[in-house]
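Quick note on numbering: the sequence shown equals residues 1 to 251 in full-length UniProt numbering.
Misleading hints may appear alongside valid ones.
Claimed, not checked - SDA-like mimics (lysine to any residue), calculated; alpha carbons at most 25 Å apart, straight line:
id : residue 1 : residue 2
1  : Lys133    : Val212
2  : Lys183    : Ile82
3  : Lys197    : Lys209
4  : Lys133    : Arg17
5  : Lys197    : Ala100
6  : Lys209    : Val97
7  : Lys133    : Arg90
8  : Lys209    : Leu148
9  : Lys197    : Leu137
10 : Lys133    : Met150
11 : Lys209    : Ser180
12 : Lys197    : His214
13 : Lys133    : Asp203
14 : Lys133    : Met73
15 : Lys197    : Asn144
16 : Lys133    : Ser220
17 : Lys209    : Glu152
18 : Lys133    : Phe105
19 : Lys197    : Leu95
20 : Lys209    : Thr156
21 : Lys209    : Asp191
22 : Lys133    : Glu216
23 : Lys209    : Thr101
24 : Lys197    : Asp104
25 : Lys183    : Gln224
26 : Lys209    : Ile82
27 : Lys209    : Phe78
28 : Lys133    : Ala56
29 : Lys133    : Ala98
Stated by the list, open to error - Quick list of the computed label-pair ranges, beta carbon to beta carbon:
id : residue 1 : residue 2 : range
30 : Ser121    : Arg65     : 34 to 44 Å
31 : Glu14     : Asn74     : 20 to 30 Å
32 : Ser43     : Ala98     : 41 to 51 Å
33 : Glu186    : Gly41     : 33 to 43 Å
34 : Glu216    : Ser121    : 17 to 27 Å
For the record, the hints were derived by calculation from the structure and aren't laboratory data.
From the three backbone atoms N, C-alpha and C, an ideal C-beta is built for every residue, glycine too.
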Amino acid sequence: MSTRTRNARERAYEQLRQRILTLELAPSQRLDENRIAEELGVSRTPVREAFHQLSAEGLVTIVSRGGYVVADMNLHRFRELIEAQHILVRAVTHLLVARATEDDFDELEAAVRAVDDAEQSRDPHAVADSNSKLHILETQLTRNEYLLSMAERVYTHLQRLAFLSFGGAGGIAGDGQDPSLLKHYENVHDDHWDYLKALRSRDVVTAEKVAVRHVELFQSRIRQFLEMNAVERIDFSDLSISAHSACTDEN
Numbered sequence: 001m002s003t004r005t006r007n008a009r010e011r012a013y014e015q016l017r018q019r020i021l022t023l024e025l026a027p028s029q030r031l032d033e034n035r036i037a038e039e040l041g042v043s044r045t046p047v048r049e050a051f052h053q054l055s056a057e058g059l060v061t062i063v064s065r066g067g068y069v070v071a072d073m074n075l076h077r078f079r080e081l082i083e084a085q086h087i088l089v090r091a092v093t094h095l096l097v098a099r100a101t102e103d104d105f106d107e108l109e110a111a112v113r114a115v116d117d118a119e120q121s122r123d124p125h126a127v128a129d130s131n132s133k134l135h136i137l138e139t140q141l142t143r144n145e146y147l148l149s150m151a152e153r154v155y156t157h158l159q160r161l162a163f164l165s166f167g168g169a170g171g172i173a174g175d176g177q178d179p180s181l182l183k184h185y186e187n188v189h190d191d192h193w194d195y196l197k198a199l200r201s202r203d204v205v206t207a208e209k210v211a212v213r214h215v216e217l218f219q220s221r222i223r224q225f226l227e228m229n230a231v232e233r234i235d236f237s238d239l240s241i242s243a244h245s246a247c248t249d250e251n
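Use the sequences and the hints to build the structure in full.
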């Protein structure tokens with residue numbers, strides 16, 4: 001494969017991935033190979049290769065006759081992701097307390113500061129992206145490749161919801177000034193620093209409590225999104241998560 005071809009494929013992959021994670025490409029939206037190739041200024045081949053790479057990550061679904069759609073977001077999948085995240089953070093916490101070095105903690109601190117910087121910018125994509133990178137780094141530092149593979153998949157899928165939770169796409173308090181959004185930023189900030197402090201102290205009990213609290217914070221934030229029926233303000237129409245589905249499911 002030539003360098004030019006590889007670069008075209010990587011560019012197509014990165015741009016499509018960002019558009020999916022920021023919900024510019026809506027869940028369940030059909031992807032037009034020709035139109036996207038024209039928009040990106042590449043041939044159809046790198047676009048098709050990018051679709052397959054995104055399909056392997058679970059962000060794109062291949063449908064009949066070779067078509068492609070953006071992977072759906074639904075309440076059932078959200079529950080599965082939260083279950084997986086609960087299991088993941090507990091395992092990661094125990095391994096970090098047992099294995100992480102001071103250099104590892106310094107690397108984590110830099111990643112926490114990157115999230116803080118992104119929060120100051122009030123850019124939902126930057127916050128969601130830096131937050132995802134932090135949690136993947138935590139898993140990477142356990143030195144367990146199986147957990148890392150799980151984390152990369154879980155946090156990739158959660159990133160679309162995280163984008164909404166941080167005010168993206170006109171989601172919860174999308175103007176960046178609503179008190180509930182500012183409080184959410186504050187809680188995220190506190191959780192990250194409390195977790196790092198507990199890890200440095202090798203306090204596995206406190207670290208695990210903070211990790212679970214952090215998952216529940218995110219879960220609560222998304223539930224708030226459902227209850228507010230904020231889907232009406234989102235700039236796409238096919239999102240399967242809705243206040244109605246949440247209410248129906250809970251009855």
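Evaluated hints:
Annotation: proposed proximity of lysine 133 to valine 212 holds, straight-line Cα distance about 18 Å (limit 25 Å). Using a Cα cut-off of 25 Å, the hinted pair lysine 183 and isoleucine 82 holds, with the two alpha carbons roughly 22 Å apart. About 13 Å separates the Cα atoms of lysine 197 and lysine 209, which keeps this hinted pair within 25 Å; it holds. Only pairs whose Cα atoms come within 25 Å are accepted, and lysine 133 paired with arginine 17 is accepted, the gap being roughly 15 Å.
Pair hint lysine 197 plus alanine 100 holds up; C-alpha atoms about 13 Å apart against a cutoff of 25 Å. For the hint linking lysine 209 to valine 97, the alpha-carbon distance of about 13 Å falls within 25 Å, and the restraint holds. A distance of roughly 18 Å separates the Cα atoms of lysine 133 and arginine 90; the hinted pair therefore holds under the 25 Å criterion. Simply put, lysine 209 and leucine 148 have alpha-carbon atoms about 21 Å apart, close enough for the 25 Å limit, and the pair holds.
Among the hinted pairs, lysine 197 with leucine 137 is consistent with the structure: their alpha-carbon atoms are about 16 Å apart, no more than 25 Å. Taking the CA atoms of lysine 133 and methionine 150, the gap is about 14 Å. The hint holds against a cut of 25 Å. Restraint check: the Cα-Cα separation between lysine 209 and serine 180 comes to about 23 Å, which is no more than 25 Å; the hinted pair holds. As the CA atoms of lysine 197 and histidine 214 are separated by approximately 14 Å, the hinted pair is consistent with the 25 Å bound.
Of the supplied pair hints, the one linking lysine 133 and aspartate 203 holds, its CA atoms being roughly 23 Å apart against a limit of 25 Å. Between the alpha carbons of lysine 133 and methionine 73 the distance comes to roughly 21 Å, so the proposed pair stays at or under 25 Å and holds. Distance hint between lysine 197 and asparagine 144 is fulfilled; the C-alpha atoms sit about 22 Å from each other, no more than 25 Å. Pair hint lysine 133 plus serine 220 holds up; C-alpha atoms about 21 Å apart against a cutoff of 25 Å.
As the CA atoms of lysine 209 and glutamate 152 are separated by approximately 22 Å, the hinted pair is consistent with the 25 Å bound. Under the criterion of a C-alpha separation no larger than 25 Å, the hint pairing lysine 133 with phenylalanine 105 is consistent with the structure, at around 15 Å. Restraint check: the Cα-Cα separation between lysine 197 and leucine 95 comes to about 15 Å, which is no more than 25 Å; the hinted pair holds. For the hint pairing lysine 209 with threonine 156, the CA-to-CA distance comes to about 24 Å; that is within 25 Å, so the pair holds.
Straight-line distance between C-alpha atoms of lysine 209 and aspartate 191 comes to about 10 Å, which keeps the hinted pair within the 25 Å bound. Taking the CA atoms of lysine 133 and glutamate 216, the gap is about 19 Å. The hint holds against a cut of 25 Å. For a cut-off of 25 Å, the pair hint linking lysine 209 to threonine 101 stands: about 21 Å separates their Cα positions. Pair hint lysine 197 plus aspartate 104 holds up; C-alpha atoms about 13 Å apart against a cutoff of 25 Å.
Note on lysine 183 and glutamine 224: the hinted pairing holds, with a Cα-Cα distance of about 13 Å set against a maximum of 25 Å. Between lysine 209 and isoleucine 82 the alpha-carbon distance is near 16 Å, which keeps this suggested pair within the 25 Å criterion. Using a Cα cut-off of 25 Å, the hinted pair lysine 209 and phenylalanine 78 holds, with the two alpha carbons roughly 22 Å apart. With a C-alpha separation of about 19 Å, the suggested pair lysine 133 and alanine 56 falls inside the 25 Å cut-off, and the hint holds.
For a cut-off of 25 Å, the pair hint linking lysine 133 to alanine 98 stands: about 21 Å separates their Cα positions. For the hinted restraint 34 to 44 Å between serine 121 and arginine 65, the CB-CB distance of approximately 43 Å keeps it satisfied. A hinted range of 20 to 30 Å for the beta carbons of glutamate 14 and asparagine 74 is consistent with their spacing of about 26 Å. Taken as a hint, the range 41 to 51 Å holds for the pair serine 43 and alanine 98, whose Cβ atoms sit roughly 49 Å apart.
For the pair glutamate 186 and glycine 41, the beta carbons lie near 42 Å from each other, so the given range of 33 to 43 Å is met. Checked against the hint of 17 to 27 Å, the C-beta distance between glutamate 216 and serine 121 comes to roughly 26 Å, which is consistent with it.
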